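Top to bottom, those sequences are chains G and E.
When we follow my numbering, the leftmost residue of the first sequence carries the number 1, and every step to the right adds one.
When we follow my numbering, the leftmost residue of the second sequence carries the number 384, and every step to the right adds one.
Any given hint might turn out to be false.
Stated by the list, open to error - Residues from chain G that face chain E, not an exhaustive set, calculated with beta carbons under 10 Å: (1) Ile32; (2) Gly107; (3) Ser146; (4) Lys256; (5) Ala258; (6) Trp273; (7) Ala279; (8) Leu285; (9) Met301; (10) Trp315; (11) Lys319; (12) Gly349.
Since the hints were made in silico from the structure, they are not lab data.
Treat the numbers as computed from the prediction; the structure is a model and nothing was measured.
Idealized CB from N, CA, C, for every residue including glycine.
Okay, here's what each chain looks like letter by letter:
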Amino acid sequence: MTTAMMTDTRAGAALAGIDWLFLGAGLAATAILMALVLLDGQPASAALILGGFGLGVVFLKAEFSFTAAWRRFLVRGEAGGLLGGLLIIAVAAVVIVPVAAIFPNFGGAIAPLGPSLVIGAFVFGIGMQLANGCGSGTLYTAGGGSGRMLIALACFIIGSVVGSLHLPAALALGGIDPVIASKYFGPWGGLAVTLASLALAAVLIIAVARWQGASVWPRRGLVIGGALIGLLTIAVFVAGGHPWSVTFGFTVWGAKLASLIGFDVSSAPFWQWAGPKRALADSVLSDTSSLTDFGMIFGAMTAAAASRPFARASWPPLKSLAAAAIGGLLMGWGARLGFGCNIGAFVGGVASGSLHGWVWFGAALGGCLVGIRLRPAFGLSKD
Amino acid sequence: MRFVYISVLVLGLAAVLADHLSSPSSGRAVSPEDFAGACAPCGAPCPSAQKK
Numbered sequence: 001m002t003t004a005m006m007t008d009t010r011a012g013a014a015l016a017g018i019d020w021l022f023l024g025a026g027l028a029a030t031a032i033l034m035a036l037v038l039l040d041g042q043p044a045s046a047a048l049i050l051g052g053f054g055l056g057v058v059f060l061k062a063e064f065s066f067t068a069a070w071r072r073f074l075v076r077g078e079a080g081g082l083l084g085g086l087l088i089i090a091v092a093a094v095v096i097v098p099v100a101a102i103f104p105n106f107g108g109a110i111a112p113l114g115p116s117l118v119i120g121a122f123v124f125g126i127g128m129q130l131a132n133g134c135g136s137g138t139l140y141t142a143g144g145g146s147g148r149m150l151i152a153l154a155c156f157i158i159g160s161v162v163g164s165l166h167l168p169a170a171l172a173l174g175g176i177d178p179v180i181a182s183k184y185f186g187p188w189g190g191l192a193v194t195l196a197s198l199a200l201a202a203v204l205i206i207a208v209a210r211w212q213g214a215s216v217w218p219r220r221g222l223v224i225g226g227a228l229i230g231l232l233t234i235a236v237f238v239a240g241g242h243p244w245s246v247t248f249g250f251t252v253w254g255a256k257l258a259s260l261i262g263f264d265v266s267s268a269p270f271w272q273w274a275g276p277k278r279a280l281a282d283s284v285l286s287d288t289s290s291l292t293d294f295g296m297i298f299g300a301m302t303a304a305a306a307s308r309p310f311a312r313a314s315w316p317p318l319k320s321l322a323a324a325a326i327g328g329l330l331m332g333w334g335a336r337l338g339f340g341c342n343i344g345a346f347v348g349g350v351a352s353g354s355l356h357g358w359v360w361f362g363a364a365l366g367g368c369l370v371g372i373r374l375r376p377a378f379g380l381s382k383d
Numbered sequence: 384m385r386f387v388y389i390s391v392l393v394l395g396l397a398a399v400l401a402d403h404l405s406s407p408s409s410g411r412a413v414s415p416e417d418f419a420g421a422c423a424p425c426g427a428p429c430p431s432a433q434k435k
């Protein structure tokens with residue numbers, strides 16, 4: 001067989017693997033949303049959709065999973081996945097910490113410290129191990145053709161609306177205002193402190209891995225994926241003025257759907273705060289997190305359909321679907337009380353130099369320990 | 384599963400379109416943190432403001 005014939009055969013096999021229906025659907029849906037926001041004269045919104053699209057592609061192709069990475073660290077001591085997550089944060093922090101501190105049009109992901117944050121993050125950690133995906137993970141796997149994660153996403157949305165109704169009471173338990181590194185050390189000192197905190201965390205994680213005799217370094221794909229996700233996180237920050245967040249969009253979608261079927265949440269205290277009130281009243285395409293969420297779903301759909309038949313797998317056992325549903329509900333509720341997910345609270349928080357990001361990480365890691373113990377009850381492995 | 388996906392995709396896009404066309408879209412996209420008094424990505428107020 002000649003080289004030309006072999007190349008033709010490979011190209012033919014690659015083309016045969018493409019799921020044209022869903023490839024077209026993913027691209028068409030993205031184009032429709034982009035057209036809608038551009039018709040409104042909002043190029044920044046189009047950039048957010050594109051940023052989300054890129055994140056969906058990279059997450060899917062790099063198979064980047066916070067949930068599996070945290071589980072492998074807690075169960076086997078493997079450090080690679082966790083270090084990949086820290087790489088994302090380090091890349092993003094280089095821009096977010098100083099820019100948010102210097103330019104008034106930009107802001108970091110900050111949040112108060114208190115019982116609401118700890119309880120929410122802990123419950124989120126349980127949920128992410130049951131669902132087998134966090135906020136970003138749920139988006140890209142659901143977008144990528146996992147019916148199981150489609151159920152997790154639906155329940156995530158429901159849980160986050162319930163959480164929005166409980167958040168004001170949880171905040172009344174007390175707390176202190178956000179602690180932000182740049183506020184105490186200035187833009188560049190704040191960046192140095194943030195990077196030092198990441199380095200310290202990396203050293204601790206590597207020490208645990210070595211102590212347990214587990215693998216330490218992330219695989220090459222994870223390093224490249226982490227760096228790209230970090231750069232896309234910066235792009236989303238520049239386009240939206242705030243770090244990338246995922247779960248507020250879910251809460252808005254859920255509240256709008258709830259209103260549609262007769263459950264009007266607009267009078268609840270959470271929906272009387274200026275931001276949520278505006279988000280509920282305005283077009284869903286006026287909300288930054290919804291824009292990146294949509295982009296991420298369709299980016300993952302496009303990337304998945306470009307490489308294999310889309311959503312051809314059979315449905316998993318009922319127990320596994322129950323875990324996805326319960327996990328989704330817990331993540332939704334926990335994300336509202338804990339001020340976000342792995343992205344909005346952990347990545348965004350730490351990359352903004354906000355102490356709440358590390359508190360969220362610790363509490364969610366504790367919740368993961370509980371979630372990992374619960375997984376066998378749903379037919380899921382502890383690994 | 385493909386039928387479920389196609390249904391969700393069509394219904395979801397229709398819902399987004401309907402919402403966009405029937406709701407005001409007042410300028411650039413915002414996040415709840417853009418509003419005065421917001422202390423978290425969801426727009427929650429600061430504990431110090433709640434005590435006042």
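Results for each hint:
no.	hint	result
1	Ile32	holds (7 Å)
2	Gly107	holds (5 Å)
3	Ser146	holds (9 Å)
4	Lys256	holds (6 Å)
5	Ala258	violated (13 Å)
6	Trp273	holds (5 Å)
7	Ala279	holds (7 Å)
8	Leu285	holds (5 Å)
9	Met301	holds (8 Å)
10	Trp315	holds (6 Å)
11	Lys319	violated (18 Å)
12	Gly349	holds (9 Å)
Going through the hint list in order, the structure does not satisfy hints 5, 11.
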